[in-house]
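**Student:** Residues per chain are reported as follows:
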Amino acid sequence: MFNHLLSLLIWLPIAGGIPVLLAGASRPNLARWLSLLVAVLTFVVSLFLLVQYHPDAGGMQLNESYLWIASWGVHYSLAVDGISVALILMSTFVGILVIVGAWQVIQDKPHQYMAAMLILEGLLIGVFCATDALLFYALFEAILIPMFILIGIWGGPRRVYATLKFFIYTFFGSVFMLIALLYLYQQAHTFDMATLAALPLTMQEQTWIFFAFLIAFAIKVPMVPVHTWLPDAHVEAPTGGSVVLAAVMLKVGTYGILRFILPITPDAGAHYAWLVILLSLIAIVYIGYVALVQEDMKKLVAYSSVAHMGFVTLGIFIAFMLVRQPGYGDMALLGMQGAMVQMISHGFVSGAMFTCIGVMYDRLHTRQIKDYGGVINVMPWFGFFYVLFAMANCGLPGTSGFVGEFMVILASFSASPWIALFAAFTLVIGAGYTLWLVKRVLWGDITNPHVAEMKEINGRETFVLAAFAAAVLALGVWPQPLVHLMGTSVSQLVQQLAIHKI
Amino acid sequence: MPTLNDILILLPEFYLVAAACLLLLLDAFMKPAQRPLLHWLAIAVLLVTIYLVIAGQPEQSVTAFGGMFVRDQVSEILKVFALGTTAMICVYARPYLIDRKLFIGEFYTLLIFAVLGVMLLVSAGNFVTLYLGLELMSLSSYALVALNRDSKLPSEAAIKYFVLGALASGMLLYGMSMVYGASGMGGTPSLDLAQLHHVMAYTTAPNLLLFGLIFMIVGIGFKLGAAPFHMWIPDVYQGAPTPVTTFIASGSKLAAFGMAYRLLSSGMGDLSQHWQLMLAVLAVLSLAIGNLVAIVQTNLKRMLAYSTISHMGYLLLGLAAAGPEGYAAAMFYALSYAVMSVAAFGVILALARAGFECEEIADLKGLNQKSPWMAFLMLLIMLSLAGVPPLFGFWAKALVLEAAIHSHMMWLGIVGIVFAIIGLYYYLYVIKVMYFDKPAEGSVLQSKPDVPLRVVLSLNALSLLVLGLYWGPLFAWCRHAFGL
Chain A
69 MFNHLLSLLI WLPIAGGIPV LLAGASRPNL ARWLSLLVAV LTFVVSLFLL VQYHPDAGGM
129 QLNESYLWIA SWGVHYSLAV DGISVALILM STFVGILVIV GAWQVIQDKP HQYMAAMLIL
189 EGLLIGVFCA TDALLFYALF EAILIPMFIL IGIWGGPRRV YATLKFFIYT FFGSVFMLIA
249 LLYLYQQAHT FDMATLAALP LTMQEQTWIF FAFLIAFAIK VPMVPVHTWL PDAHVEAPTG
309 GSVVLAAVML KVGTYGILRF ILPITPDAGA HYAWLVILLS LIAIVYIGYV ALVQEDMKKL
369 VAYSSVAHMG FVTLGIFIAF MLVRQPGYGD MALLGMQGAM VQMISHGFVS GAMFTCIGVM
429 YDRLHTRQIK DYGGVINVMP WFGFFYVLFA MANCGLPGTS GFVGEFMVIL ASFSASPWIA
489 LFAAFTLVIG AGYTLWLVKR VLWGDITNPH VAEMKEINGR ETFVLAAFAA AVLALGVWPQ
549 PLVHLMGTSV SQLVQQLAIH KI
Chain B
1269 MPTLNDILIL LPEFYLVAAA CLLLLLDAFM KPAQRPLLHW LAIAVLLVTI YLVIAGQPEQ
1329 SVTAFGGMFV RDQVSEILKV FALGTTAMIC VYARPYLIDR KLFIGEFYTL LIFAVLGVML
1389 LVSAGNFVTL YLGLELMSLS SYALVALNRD SKLPSEAAIK YFVLGALASG MLLYGMSMVY
1449 GASGMGGTPS LDLAQLHHVM AYTTAPNLLL FGLIFMIVGI GFKLGAAPFH MWIPDVYQGA
1509 PTPVTTFIAS GSKLAAFGMA YRLLSSGMGD LSQHWQLMLA VLAVLSLAIG NLVAIVQTNL
1569 KRMLAYSTIS HMGYLLLGLA AAGPEGYAAA MFYALSYAVM SVAAFGVILA LARAGFECEE
1629 IADLKGLNQK SPWMAFLMLL IMLSLAGVPP LFGFWAKALV LEAAIHSHMM WLGIVGIVFA
1689 IIGLYYYLYV IKVMYFDKPA EGSVLQSKPD VPLRVVLSLN ALSLLVLGLY WGPLFAWCRH
1749 AFGL
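Protein chains in written order, with the numbering used here: chain A, 69 to 570; chain B, 1269 to 1752.
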């Protein structure tokens, strides 16, 4: 089993989706229990990664490689480093929670919903461990299909618009990546990512390839100005869809930056780091302001996601900027580490925020902030969790949100105090929109009579929120295991940045 | 005098002729109630022909009848797929034909003669064989389109197809005569494609040769349905009975690829620098017109017609690359397109019933609720046509794009990819209608209870996923055919 641990992780949920589908609409409970079983099994299997992966050894481990397409030299090759392991664990963890979260909520064709979730989970895990560029690309695109279905069938009123926009927008970006990969194949005659990383490229080539990759991944992250699909997709998606989208799928974009832009085009990346930093700062500051004026809770959290993902890209490209200056190696490392921690933390925090909104939506069937108010009076336990996640969202020390942001700000200070100043702005704006949201939704008197009828969260919902809360607090209070897990991989990544390819 | 060897080389073709004639006779003396027997016999004949093609597969390229007929790997692959898709069409068509009282022997014999035309065409070693095969295929297709002769729309489509098809054949013939003439100026006149390969080197009338080439490309463009010679495609696709449309979208496209390969690569290979750009222009126009016009279609068959035009644009990307890699990619594309389009029309055939053609996109509303399995199959087919990984259609697109980039036509690759994004929309729209819309009042969307149809169609559509996950051997076969 350990020889094929990664394959098992990918194919278990995908294959598990088939019996769930076969359970059919006539036996919804069987479909639910089966999918829970598959999700839990996948999580358990993913825990073995912690045993099998040796953080201190670094490099890509648990290799599996088979010739897939001989005439193109494409391999079905998988391997993980610390960053992948962390992301995979997060995916499998969130995978259980979305299944549990959708238990009673999805009444229409639950078997198809659950199966789509499981297949999506398998494909996402595949993205995080593919080491062949073409395999990565195929999986990267394939994740659009279940998500398209999830938003389109179980989404809100404007779901068709949102899901088409989501699919076409993302597809638009990734085809440029395909062109870049085909070009690289012409040069290297392989799609092996390690070989591509070692391929010498001129600055002109690097520039073209850099932008082709950047379009693909910037849309996925999403970065300003190509973020506009995200609020629509989030607002219309069912709760589970939003959670997976925010928690795991956005990370595919930043993960792609790490795996493609960093090693393949380091010189172009360093040269255009200012551009990405600028876009990240716009995301942090401007999108923060945009979030402030939202009247739809989901939209607000969606925009805050864009702002928080801005921190991830900021951290990565600060490292780019710093690593080639003598004496700033440690700071570059810090920025990169911060970005990674932020990536994981944002997964949990945003997933939790969307779950909270889903809980309220299930009761009142509205996402408008003005329809709420005084929720804490009828749902005190829910209020407790909501406030906790809101605090994590604005980066309160002691929660996971703080660690990553703090590291990135610290690193950017050594690049330029101005960057740090704008980045630190988020502490103000983030607190602004999040706390104001809490104030308008939770506190105050009950003005809407329907709010008075809202029921306290049940055991199932409590389980989901408590699991998220545990993760958020654990990462906030004791981030060391996570930092250690990713540490060697991150420093190797940073070393790679410093290598000139020209 | 033909030798025994010649006859052995043409054994599959001879067998098919004999079998078709027998079927014709059998049909004449058969009671209508026994017609299902004819149906199964026709399928058996096609399968036996596939066996003969594969069993007699030569190691090297061999010729018969003094170079008139070439039997090589390229023709073998195209024949296997043409025969296979035609056998699938027979399976899909039965319930449709019965519902419309078209379940008659002529359908099968005409279809078999059309396939015979395809087989001759892709094996042509000479202008004469090529033209013979083309006309055999085309004339049978014209008659097939008009199969439902009492109905207005098919008759109109048949006339349109016939007139435009005859015009294109005329163009092709005119071009061939010029090339023949050019080959006689400064050397011995020849109709043999292998000898024409070197005409450019010695002819004293190179302009005449180029002129002939242009006319031939018009003919090829017409048969492929590439813009700006695509006008017949939407009307014929929409007007023809769906099983016939399926053949035009699969077997005849394979034949058109074979024809283009024989004429351009075998025959006019020395002029590749001239026809490369012409094909590139045809490709760009087809991509643009096919994809843009498909967006506004409400009729599913018409939408698929425009999608065909765009797919022929991709196929031309591979041909325009003008090298073994490009041909292999283009052939892979032709094969993938044949499999996909047979499946797409197969779903329409499976859902159609008496008085309900199921040819409007809106007819598919809520298919996922009425018949989730059919919806799932159609989902796979549409995503494959759109070129979304990991389905078959994606790899075909990636291969032709790679071929274009490989032959230093990066711009063509980028045009191709941009139109792939635009094309995505109308395929997704079909999925949207099936999955996200509620079924219409009194909707009777149910797939036919016909077991062979359901089984073969399911295998057909699932093959898009299986071949998407494991396309290596098929591509290796295509590459091998071009000596790679």
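It is possible that part of the hints are untrue.
[To be verified] No farther apart than 27 Å at their CA atoms in a straight line, the calculated lysine-lysine pairs in the DSSO-like style are these: (1) B/Lys-1706 with A/Lys-233; (2) A/Lys-177 with B/Lys-1638; (3) B/Lys-1369 with A/Lys-233; (4) A/Lys-523 with A/Lys-507; (5) A/Lys-233 with A/Lys-367; (6) B/Lys-1638 with B/Lys-1706; (7) B/Lys-1706 with A/Lys-177; (8) B/Lys-1428 with B/Lys-1369; (9) A/Lys-523 with A/Lys-177; (10) A/Lys-367 with A/Lys-569; (11) A/Lys-507 with A/Lys-367; (12) A/Lys-233 with A/Lys-177; (13) A/Lys-438 with A/Lys-569; (14) B/Lys-1706 with B/Lys-1633; (15) B/Lys-1633 with A/Lys-177.
What the hints contain is simulated information worked out from the structure, not anything from laboratory work. These numbers were taken from a predicted model, which means no experiment stands behind them.
**Student:** Mind checking the alpha carbons of A/Lys-233 and A/Lys-177 for me, to see if they're no more than 27 Å apart?
**Tutor:** holds, 24 Å
**Student:** Straight-line Cα separation of B/Lys-1706 and B/Lys-1633 no greater than 27 Å?
**Tutor:** Cα-Cα ~6 Å, so holds.
**Student:** Does the alpha-carbon distance linking A/Lys-233 and A/Lys-367 stay inside the 27 Å limit?
**Tutor:** Given that 27 Å is the threshold and the Cα spacing comes to 16 Å, the pair holds.
**Student:** Taken at face value, is the distance from the CA of A/Lys-507 to the CA of A/Lys-523 at most 27 Å?
**Tutor:** holds, 20 Å
**Student:** With a cut-off of 27 Å on the C-alpha distance, tell me whether B/Lys-1706 and A/Lys-177 pass.
**Tutor:** Holds, because 13 Å separates the two Cα atoms, which is no more than 27 Å.
**Student:** Is it true that the CA of A/Lys-523 sits at most 27 Å from the CA of A/Lys-177?
**Tutor:** OK: A/Lys-523 and A/Lys-177 at ~25 Å, within 27 Å.
**Student:** Do the alpha carbons of B/Lys-1633 and A/Lys-177 lie within 27 Å of each other, as the hint requires?
**Tutor:** holds, 17 Å
**Student:** Starting from A/Lys-438, check that the Cα of A/Lys-569 is at most 27 Å away, please.
**Tutor:** The hint is violated at about 55 Å.
**Student:** When you check the alpha-carbon spacing of B/Lys-1638 and B/Lys-1706, does it fall within 27 Å?
**Tutor:** holds, 10 Å
**Student:** Would the pair B/Lys-1428 and B/Lys-1369 pass a check requiring their Cα atoms to be no farther apart than 27 Å?
**Tutor:** holds, 24 Å
**Student:** Is the Cα-Cα distance between A/Lys-367 and A/Lys-569 27 Å or less?
**Tutor:** violated, 42 Å
**Student:** Hint check: B/Lys-1369 vs A/Lys-233, CA-CA at most 27 Å. Holds or violated?
**Tutor:** violated, 44 Å
In summary, the structure is inconsistent with hints 3, 10, 13 from the numbered list given earlier, while agreeing with the others.
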